[in-house]
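Novice: Chains A and B are the protein sequences, given in the same order. FYI, in the numbering used here the residues of the first sequence are 1 to 321. FYI, in the numbering used here the residues of the second sequence are 322 to 872.
Honestly, the hints are just simulated from the structure, not real lab data. Note that CB positions come from ideal geometry on N, CA and C, so glycine has one too.
Label pairs and their calculated CB-CB ranges:
id, chain 1, residue 1, chain 2, residue 2, range
1, B, Asp408, A, Phe109, 50 to 60 Å
2, B, Glu478, A, Gln215, 28 to 38 Å
3, B, Thr516, A, Ala24, 45 to 55 Å
4, A, Phe230, B, Lys470, 30 to 40 Å
5, B, Asn353, A, Lys321, 42 to 52 Å
6, B, Ser376, A, Gln215, 16 to 26 Å
7, B, Gly367, A, Lys321, 32 to 42 Å
8, A, Gln215, B, Val695, 13 to 23 Å
9, B, Arg791, A, Leu8, 52 to 62 Å
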Amino acid sequence: MLMSSPILKLIAQRIALGILLLLAISVLIFAGTQILPGDVAQAILGQSATPQSLANLREQLGLNDPAYIRYFHWLGGVLTGDLGTAMSSGQDIATSIKGRLWNTLFLAFWAAIVAVPLAIILGLIAVRYRNGWIDKLISGLALASTSFPEFFVGYVLVYFFAVKWQIFPAISTVYDGMPFGERMQAIALPAAALTLVVLAHMMRMTRAAILNVMQSAYVETAELKGLSAFNVIRRHAFPNAIAPIINVVMLNLAYLIVGVVVVEVIFVYPGMGQYLVDHVTKRDVPVVQAVGLIFAAVYISLNIIADIGAIVANPRLRHPK
Amino acid sequence: MADTKAKPGLLLDIRNLRIEATVFPPGEPPKNIVLVHDVSLTLEKGKVLGLIGESGAGKSTIGLSSMGYGRGGVRITGGEVILNGRDILKGGKEGFRKLRGREVCYVAQSAAAAFNPAHKLMDQVVEATLLHGTATRAEAEKRAVALFKKLSLPNPETIGERFPHQVSGGQLQRVMTAMALCSEPDLIVFDEPTTALDVTTQIDVLAAIKDAIRDTHVAALYITHDLAVVAQVSDEIMVLRDGKSVEHGETHQIIKAPRMDYTKALVSVRSIEHGEKKPTPKPLLSVRNATAAYGGGVVKVLQNVSVDVHPGQTLAVVGESGSGKSTLARVVTGLLPPIAGSITFAGRTLAPRLAERSKDDLRELQMIYQMADVAMNPRQTVGTIIGRPLEFYFGMRGRERDKRVAELLDEIEMGKGFVDRYPAELSGGQKQRVCIARSLAAKPKLIICDEVTSALDPLVADGILKLLLRLQEIEEVAYLFITHDLATVKSIADSIAVMYRGEVVRYGPKSQVLIRPFDAYTDLLLSSVPEMEVGWLEKAIKGRRIGSGGH
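Construct the complete structure from the given sequences, taking the supplied hints into account.
Specialist: See below:
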């Protein structure tokens, strides 16, 4: 009975596709790390490697098994929550990632809380005053903030807020058990940098999606009812522009999580990005694989949410004939 | 002039209205054009004034000016619009907002597009009333339900809970009328409210609108290009052309004793006399028991259809939207292979699939479409468009081709001068003529005309029909003429097939099909075509044998 509803069917399809996609990506990630020259044994032993010790270590790490066996072994571990052991430090990857993933999500969450509503409201205002100076000012500032590279924005923020005015710390150190207020103060600058980076894209897309809908006959109907310009946009244009807006919001949320590498490095923030960069330089394949897979999962889940959001926002699907 | 202001029953007084717009022609500097030239009109409380004219005559622009609204970059640059004793043009933006949806409401041509797909109907119907604070939500909803009842909508208590896509086009048009009436305005602007509907639906909506106007004593500006429709609902008619008033008078006078030549032309439109040709022993196209379906045989859209087209003659296929007439064209052209039945053309059996047909099959069977705009490549000149079939089918090149293109342009009465024009530079009628020339260039035996005049103004459509008849004489070409418009059928057909829900319900020579006794559906169809006669609507509604099936 439930599956007969077209909307549930569509959603189930999207989720199934997402899972399939994630599996395909796990294959790609695994294959990609196999193609890289050198292996972990080489990396661990470094200069002191003798052929004999290399062979021993490879045997010990199971590196001599055929690739597909190692893949299924790895995948089985991932599915049971065992991401393996970091080659470089010998620590359990799942344990070290947990704290860092939490930190990254914490930062992304607060950046999104500011950026998404701000972008949408600015988009609505830009449409309301379209082609006027307010619209041009909003678009200009938003584009400028996006055009500057993240590290530049980050350092400018540090220069003013940390060095000159000393309001926020330049280095975003966080640790377990840190009080919420201090934690918020620590992430203020990286969150601001991220907000500035993602703001323009969402704002411009919101503006474009609503402008597109503003051509519709029902917007004219609303105007001819005597609604104020802002209410026409809010009540009649926005609900019909929601699907493309959700899409771009989700893309940017994904960026906030998987694209924060530069910002995390600038502010020395202990998140996933920094963890990934550290271990890429150490050629720590299991860590790179695990982080890659988590990033892929985040990206795909957010896109599924965007798809589902677009489906649910469509009244034709929500209320079939 | 000054004394009109004092007149007690006067609701709307438009004086010397001038409306301009800035256009941006490609490759030229922007220029100002005048859309409405000093038009004046008055409307008393509870009266209906019909504004009639072709597209571009300025009727919608004038209608919307009563709400202080200009579409796109349209500006009211002169004159006065006096509503309830004050010049609304002096009220500014706030003033417009206060009168829109309260004193003046609007009913759009396509209710399907004019309702917001994201909100329930009831929310949209009562929105203006609540916005202007003239009633509480409960009162407004009660009023809306009463209006749904008055407009004979099915399930008036619950239809408001539905979304626009869950309701048919004819019903939506009535809901929109209810929406306009809900805030109890003094004036409603009806902008072609029945033009997008099937003829059998149009009559119901028209009757509902007329009753509602009568019972609520609201005044109305009724905008349409169809004189027969406007004659049913209005007290007075103003004929507009190119933004100027041509003639203004009482409805009876305009349709029975028009003074101006242009009005006379509008009144006598579609009275082409066309003698009927007798069927020949050997039909050119013979469709036998064709059945077609979409979705792998699940949705049958054509059932057991058999029709003949005779050489040099016209078979008109009539029916409402969804009756399967365009599907028949798709089957004949091979775009939709039938699941049963056969098609014989010029003595040979046609392959069901387009891909399996020979080049000669393709050449001898041409097609003209409803939307001439989108049937032509906008980046090709008229010469290239007409020359293409000459190159493709006959291998003509250079001077030979240009000569033939010039001949064809002569045949469609577009002389020289047009060869280097692009489609965007042509009027609607000229575009359709180019499409006709393009199909003629292939020297076809049969042309399928799919609603070729439906998107055109009546006078232009008349010209196209006359051209098609003349070309039939010269080129000996047969037409399979698909239309929903019975007046067109009468002017052009030799034989007629009436389609209903995928089946041919009546078929034969024109003289037999249009003679009583009719089957129930043909009767409904014929009795629904508006006639240019005051009081036709009431007679037609009374005389109907069956309803139009829940529209």
